[in-house]
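Asks: Residue-level listing of the chains:
There are 2 protein chains.
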Amino acid sequence: MEKKHLILITNDDGIYALGILKLKEALQDLGEVFVVAPLVEKSAVGHAITLSDPLRVIEVERDGNFFGYAVNGTPADCVKLGGRCILPRKPDIVVSGINQGPNTATNIIYSGTVSAAAEGTIMGIPSIAVSIASFTKPEFDFAAKFTRELAEKVLQKGLPEGTLLNVNVPAVAEDKIKGVVVTKQGKGRYEEAFDKRIDPNNRVYYWLTGKRMILDNGNDIDDLVVMQNKVSITPIHYDLTNYKFIQELKKWDIRLK
Amino acid sequence: MEKKHLILITNDDGIYALGILKLKEALQDLGEVFVVAPLVEKSAVGHAITLSDPLRVIEVERDGNFFGYAVNGTPADCVKLGGRCILPRKPDIVVSGINQGPNTATNIIYSGTVSAAAEGTIMGIPSIAVSIASFTKPEFDFAAKFTRELAEKVLQKGLPEGTLLNVNVPAVAEDKIKGVVVTKQGKGRYEEAFDKRIDPNNRVYYWLTGKRMILDNGNDIDDLVVMQNKVSITPIHYDLTNYKFIQELKKWDIRLK
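Residue numbers (the numbering used here), protein chains in the order written: chain A, 1 to 257; chain B, 1 to 257.
Rather than coming from a laboratory, the hints here were simulated on the basis of the structure.
Being a predicted model, the structure only gives us computed values, none of them experimental.
The reader is advised that the hints may include incorrect statements.
Because identical chains cannot be distinguished in the list, a pair is counted as satisfied if it fits within a single copy or across any two copies.
Calculated pairs, EDC-like style, for lysine to aspartate or glutamate (alpha carbon to alpha carbon, straight line, at most 20 Å) [to be verified]: (1) Lys230 <-> Asp253; (2) Lys187 <-> Asp239; (3) Lys153 <-> Asp253; (4) Lys187 <-> Glu161; (5) Lys90 <-> Glu191; (6) Lys3 <-> Asp29; (7) Lys250 <-> Glu149; (8) Lys157 <-> Glu248; (9) Lys251 <-> Glu149; (10) Lys157 <-> Asp253.
Can you build the whole structure from these sequences, using the hints too?
Replies: See the structure below:
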């Protein structure tokens with residue numbers, strides 16, 4: 001008999017989110033699925049890891065059945081701890097999501113969902129991050145089904161060293177989805193503003209707010225593709241070197257005095 | 001009279017750290033320096049930002065004199081809030097550091113120091129992250145002096161859009177420093193292990209630990225250069241697209257069913 005695939009799933013919306021329930025259901029027939037996810041929501045934590053506090057693990061039920069392991073840490077913590085201490089061996093794939101809200105363009109650097117998949121790739125495990133491009137109207141069923149197909153392909157083919165797939169699915173019903181595009185990360189970002197308020201004790205505080213800005217054009221940019229009701233798949237890696245600028249920088253001739 | 005440069009400095013070791021004091025002193029004569037830094041240490045927070053909690057700002061003294069603004073948030077929060085609400089206008093440069101401990105290779109994705117500089121570049125401000133390659137024997141004086149020279153060059157020449165300089169200085173006295181090298185980000189990472197313990201209430205908890213692994217060779221890799229007692233300067237950007245893999249991924253021919 002063929003050895004069963006071992007699948008680690010996590011997210012940043014927390015272990016009780018709907019997206020991770022749908023993801024677990026969809027991947028169930030691909031292998032043995034372990035859920036290791038933050039106990040509470042950890043959105044916008046970026047690639048934070050927990051060094052100063054002890055991590056704890058609790059077993060969590062949903063609908064009366066064992067569902068998975070909750071960790072008092074970040075999505076990256078969950079992948080590290082899951083892969084090294086909770087699962088019986090290193091998983092064959094890490095799938096992070098399904099996140100409510102898009103993870104595209106510049107904003108992926110703030111994303112706990114994408115960072116969990118990055119942690120998987122750092123551990124040498126093929127990894128996928130999946131998000132739905134809406135905070136308010138999640139249509140998880142198509143996204144879950146699509147993720148299952150893609151995960152099956154990744155299990156067959158693998159991924160290059162250090163590279164993950166960042167998937168963004170439009171928030172529409174399946175019959176409205178117009179295709180699948182391999183994309184580049186866009187340059188779009190939030191134009192932030194702070195909402196300055198006074199609390200009941202007369203002290204100032206600030207809320208971070210912002211407007212999404214689109215700064216690209218073209219048919220292969222992650223956030224634009226999703227706006228066209230197509231699924232975006234971006235191959236992401238963590239070699240951050242700006243190779244083009246290296247020659248120029250050498251000409252600066254920076255020396256010790 | 002020439003307009004004075006406006007300089008925003010921050011860190012992830014917290015506003016009371018020695019490194020940020022040395023940095024402020026060193027940059028003082030380049031322009032008007034504003035310190036906006038986390039109230040408490042925020043190491044390994046990656047590119048976390050604070051969305052769910054209000055941010056507060058307090059004025060902090062050191063040695064009886066006004067030193068800067070402390071924020072109950074992450075290094076990225078400090079740059080956003082500093083640049084938009086605290087400084088009189090957008091700063092001309094962001095300098096993050098001087099961090100105690102190296103920020104090289106894969107580990108830069110966990111770094112609050114580097115993420116603060118990344119936040120500066122996202123806001124369109126030339127930015128530098130500076131770290132000393134030792135947790136225990138900081139020799140801040142040379143690093144501070146070197147940063148001043150580099151910051152002056154960056155103020156003159158600018159940096160390409162979306163690109164920051166990640167600087168790592170060996171933890172040795174100035175006369176032991178052997179040169180300055182423009183480098184690439186290495187592939188080195190931590191091989192993690194978790195230290196499993198039982199607390200006095202008989203409950204299990206875990207500490208994240210790990211050993212640094214060097215996975216490169218060559219004369220232009222950030223962590224190797226620092227080990228040769230040279231200053232490493234890596235140009236870093238946040239276009240995470242793995243362009244090389246795009247053609248291959250298109251051949252996967254992923255379709256809707």
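Asks: For Lys90 vs Glu191, is the C-alpha pair at or below 20 Å within one copy, between two copies, both, or neither?
Replies: For Lys90 and Glu191, only the inter-copy Cα distance (14 Å) is at most 20 Å; the intra-copy one is 40 Å.
Asks: Evaluate Lys157 and Glu248 at a C-alpha cut-off of 20 Å and name the case that applies: within, between, both or neither.
Replies: Classified as between; 11 Å across copies, 38 Å inside a copy.
Asks: Taking 20 Å as the upper bound on the Cα-Cα distance, should Lys187 and Glu161 be classified as within, between, both, or neither?
Replies: between (24 Å within a copy, 11 Å between copies)
Asks: If the cutoff is 20 Å on CA atoms, where do Lys153 and Asp253 land: within, between, both or neither? Let me know, please.
Replies: So Lys153 and Asp253 pass the 20 Å test across copies only (10 Å; inside, 48 Å).
Asks: At 20 Å max between alpha carbons, let me know whether Lys230 reaches Asp253 within a copy, between copies, both or neither.
Replies: For Lys230 and Asp253, only the inter-copy Cα distance (14 Å) is at most 20 Å; the intra-copy one is 47 Å.
Asks: Have a look at Lys3 and Asp29 and pick one of within, between, both or neither, based on CA distance no larger than 20 Å.
Replies: Classified as within; 13 Å inside a copy, 66 Å across copies.
Asks: Can you give me the call for Lys187 and Asp239, within, between, both or neither, at a CA distance of at most 20 Å?
Replies: The answer is both: 17 Å in one copy and 8 Å across copies each meet 20 Å.
Asks: Indicate which option fits the pair Lys251, Glu149 if close means a Cα-Cα distance not exceeding 20 Å: within, between, both or neither.
Replies: Between copies only: 15 Å across chains, 49 Å inside a chain, cut-off 20 Å.
Asks: Given identical chains, is Lys250 near Glu149, meaning Cα to Cα at most 20 Å, within a copy, between copies, both, or neither?
Replies: between (46 Å within a copy, 15 Å between copies)
Asks: Is it within, between, both, or neither for Lys157 and Asp253, if the alpha carbons may be no more than 20 Å apart?
Replies: Classified as between: cross-chain Cα gap 13 Å, same-chain 45 Å, threshold 20 Å.
In summary, this structure violates none of the numbered hints.
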